[in-house]
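**Q** Top to bottom, those sequences are chains A and B.
Going by our numbering, the first residue of the first sequence is number 1, and it counts up by one from there.
Going by our numbering, the first residue of the second sequence is number 48, and it counts up by one from there.
Since the hints were derived computationally from the structure, they do not count as laboratory data.
Virtual Cβ for every residue (Gly too), placed ideally from N, Cα, C.
There's no promise every hint is true.
Chain A is nowhere near these chain B residues, computed Cβ spacing over 12 Å in every case [unchecked claim]: (1) Phe179; (2) Leu202; (3) His245; (4) Ile457; (5) Ala500.
With beta-carbon atoms standing in for the labels, derived distance ranges [stated by the list, open to error]: (6) B:Asn271 with A:Leu13: 40 to 50 Å; (7) A:Leu13 with B:Ala485: 27 to 37 Å; (8) A:Met1 with B:Asp465: 40 to 50 Å; (9) B:Val240 with A:Met1: 13 to 23 Å; (10) B:Lys401 with A:Arg29: 37 to 47 Å; (11) B:Asn186 with A:Arg29: 54 to 64 Å.
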Amino acid sequence: MSSSALFMMISALAIVFGGITVCFVLAFRKKPNRTESLPDSKGNRDD
Amino acid sequence: MAKREQWGSRIGFLLSAVGSAVGLGNIWRFPYQAYENGGGAFLIPYFIAALTAGIPLVLFEFSLGHRMRASLPTIFRRLSKRNGYRNWEWIGWFQALLAIFIAAFYAVILSWVFYYIGLSFTGGWGNNSETFFFNDFLNVSASPFEFGSVNVIVLALTACVWFVSWLIVFRGIKSGVEIAGKIFMPLLAVMMVILMFHQVTLPGAAAGLNALFEPDFQKLTDINIWISAYGQVFFSMSLGVGAMITYASYLPKESDVTNNAFLTGLLDTAFSLISGIMIFATLGAMAAAQGVTVQDVVQGGPALTFVTVPEALNGMSGARIFGPLFFLSLSIAGMTSIISLLEPLTAAMTERLKISRRKSVSVICAAGFLLSILYTFRSGLLTLDIADYFSGNFGMLAGGLCELILVCWILKPDFLSDHANRTSDFKIGSVWKFCISALTPLVLIVMLSTNIAGLFSSSLPNYGGYSSAALFVFGWMMMALLVLFAAIARKFSTERAKETILHIWEEFSNDKGGKS
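Chain B extracted, bound-state conformation (with noise of 0.2 Å):
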């Protein structure tokens, strides 16, 4: 049997799975939803969020793949197979094929990013940001069905996007994605803390952070607020996608999985506080230069990067330096984060399909760019939005909660705490066992049935005033295409798809043969 790869040291691992945690999300989702929710109010429900979800729920990610030591659909198939139940196999190839569709997309706002590092050093956008955004650079169509032209610049920094995540997965874990995290996570942490504290300086700033950490307590009677906690953990943890349990996986049999997953969990959340005091410090900054409240300057996701933040660098002094390292930590974010979504399915190839690793990551990343494309078009804003929202709130959802309900209802997720209490200086026990069986599941499919009539109620809009057929086929078909896509990956990494599959080729040959 051929060696599993291991990461080359406990902090390489660290970086990476924190690279992995921090994404686009927490410089523009984490600081919109404290603001939204309750500013400094938002805080207590977070904080609980992380430590009775996200980071219970990432160490029992590290400890499924430390345990295991297989790709997702491996783990999954030994762990039904084991106990007599049908094969689960699908529900890791759901997920390493869910982490590419996201990948697809995540490349193309990486795309924008790589654009506008090039235009802050000159303020490129011009004084009108947002025309410059939406009109000048991605023409936006009218609807999610008029795709009309590709964006060439675009399609080409996507390419450039998966040529460097192609690099570095390519060399392998230690080879590659170890060093990647090595180099990327401290340079990001420092430009970010340079960014900070040179924002919190700028005239203006603390009626943002007022803005931002000012606590409406009186929120927190609201249920809404605390599905949004849980929601923004979730998400920010790159939990459900498999990513983590991949990562684990490579560890070495004596690692210490829990300190791994609180350091990992509190320094996601150290990231999206930092970016939200970056944030806000430039929002109130730009309030104030422009004689309004942050109120009316505050805006969340794309919008947030591609014209607040711009607007905010065209009056701000030092904007040649600062504009570029705000740019600069975005693109970082994000290759750490699409790096790690491209391990769970060459992982899978390279083990049930028996497929090279250097093949599986060609194949992934040809097929990757191909279907980035898609969001290359004058519709590509529109079709995204629409990818990114099912993607997350019912994709992620999903696979999390499958893998709960197999591992924590059907099996006991007692052999885990067995194992991480084996190799762990913290313990865990029964309160760690209740929260990834009770309170995540119970979040988890609250949060995923709330989704789900919120789209079939006939009384609310559609998500994002989007046609029908336009989340039918952009959301909808995607998801159920995945399912699909599971399936066959599942019938076709079985030993008798194998064989039959090689009976017919050597059958195919042999009438070749003959008939030559």
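Okay, chain A solo, but in the shape it has when bound (with noise of 0.2 Å):
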């Protein structure tokens, strides 16, 4: 495999993974469950 071919799979799937696991860090760190914890007791619309 040529290098820069290389370069270019890793590079495309560095940012792919190293982004999932920046969103799946910040998501999950303080509030673990976020949805589960505040659910919607009465199912009213908002607006």
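Quick one: dock chain against chain with the hints and give me the complex.
**A** Following this line, the structure appears as structure tokens:
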């Protein structure tokens, strides 16, 4: 495999999986299962 | 008022949304698009498109659904009426009906995949996979108007697809759709990673990966590459059919929509990349085995799945394990997308026409199956190709453009960014507003007008070499019917219409009672 192709492949994977990791860490760091902990008990529309 | 359903957990919502985005297009469209449009260099416009249009639009749809917490027609009705405009409810109906139209031919493609799962255990397509697929299996007719007979196997398997979809959506969001997402998506991820790692170890795989990732930076100056990248992002993320809006409408009030949108967009891109590596490693191995170049074997779309991959499997070690794994992955990717396509109309019928969820799902699946029958004839592959082209290149683009024009141009998107910022960790502002108010609509307008100009241009051949009559009947007429049905549904869902129907029914009942 050529070095430029390898570079493009690894860069793409790093960007995508790096982004996913950051989002997951932020999502589950402070408020794990945020949607579970704050259910809408009434089910009313908010407008 | 009946309590609106909700997702049971954030991960359940995320997996279902990613399941909606990840479909057959990730596996058979993205790798070919990347290869055709500059290889590794295509990833640059693709990532830019994902960051400036794909993820902002997913965020837009999530925010809209979460803020309004209603079905598509109700959302557009409220938005237009509250601001003193004409009733835009028909946009919601159009998107919901378009989703069912897409599900109808998607179900038939899935029936082929189901059939190939069985064949892959024995290599049942034989030595000539092309002849098997087009002649022995589908027996494709010469023109879309030569219907021929119904393919009984395809019909039966299409019925199975609809039955499984009905079973899942019938059970509701939390007990059906969410559970399906939680089971299917991790399974799909594991299977695709196993496949990818196996395929890259095959002799010749590196040549395939070279073909996919070797950058041709010259192509970045070509405007068509950028349009292709934006198109791929738009089609890949299930935008413009209301699936994401409807899914987000079931989120609890305090959900972080911004982070969810980023995760959905990134996970969809991850699946595309893994598919690309898996497919091109397979093509490289196949080319090496046949002593030809990758360029000689590469194909996109259904031909890649049902001709090239079976051919590659014929000469591969472990084909009886990895063949079924590949087709099973494809079937799961397709099933999760079909499920999401049923939800917009189910929610709309339940809310606007006051029909129970179970009845709505049953009616929708029955109607969808009847429409699917059109694609199970010998002409099915051809009519399906036209339907796919029109629904993607006109229906989805028009649906997406209309929602952006209404919310971003006629109204202002500030109420959505305020809402997203209130509940999310990432804050969005003027960059996001620019992306969805200016950049994305502009790209959609360019794509839509290019497609329309291409169809009406006398200097260009008709799409796919089909006759103008075939494109009119199976493309334009289908789109016109969707608009007509959307207008009828809008009319029937108004209070006055309901009162009138009820009044007529009561009078009819009284007359009947009087006469008897």
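**Q** With reference to the structure, classify each hint as holding or not holding.
**A** Hints versus structure:
| no. | hint | result |
| --- | --- | --- |
| 1 | Phe179 | holds, 33 Å |
| 2 | Leu202 | holds, 40 Å |
| 3 | His245 | holds, 17 Å |
| 4 | Ile457 | holds, 18 Å |
| 5 | Ala500 | holds, 33 Å |
| 6 | B:Asn271 with A:Leu13: 40 to 50 Å | violated, 26 Å |
| 7 | A:Leu13 with B:Ala485: 27 to 37 Å | holds, 31 Å |
| 8 | A:Met1 with B:Asp465: 40 to 50 Å | holds, 48 Å |
| 9 | B:Val240 with A:Met1: 13 to 23 Å | holds, 19 Å |
| 10 | B:Lys401 with A:Arg29: 37 to 47 Å | holds, 43 Å |
| 11 | B:Asn186 with A:Arg29: 54 to 64 Å | holds, 57 Å |
In the structure shown, a violation is registered for the earlier hint numbered 6 alone.
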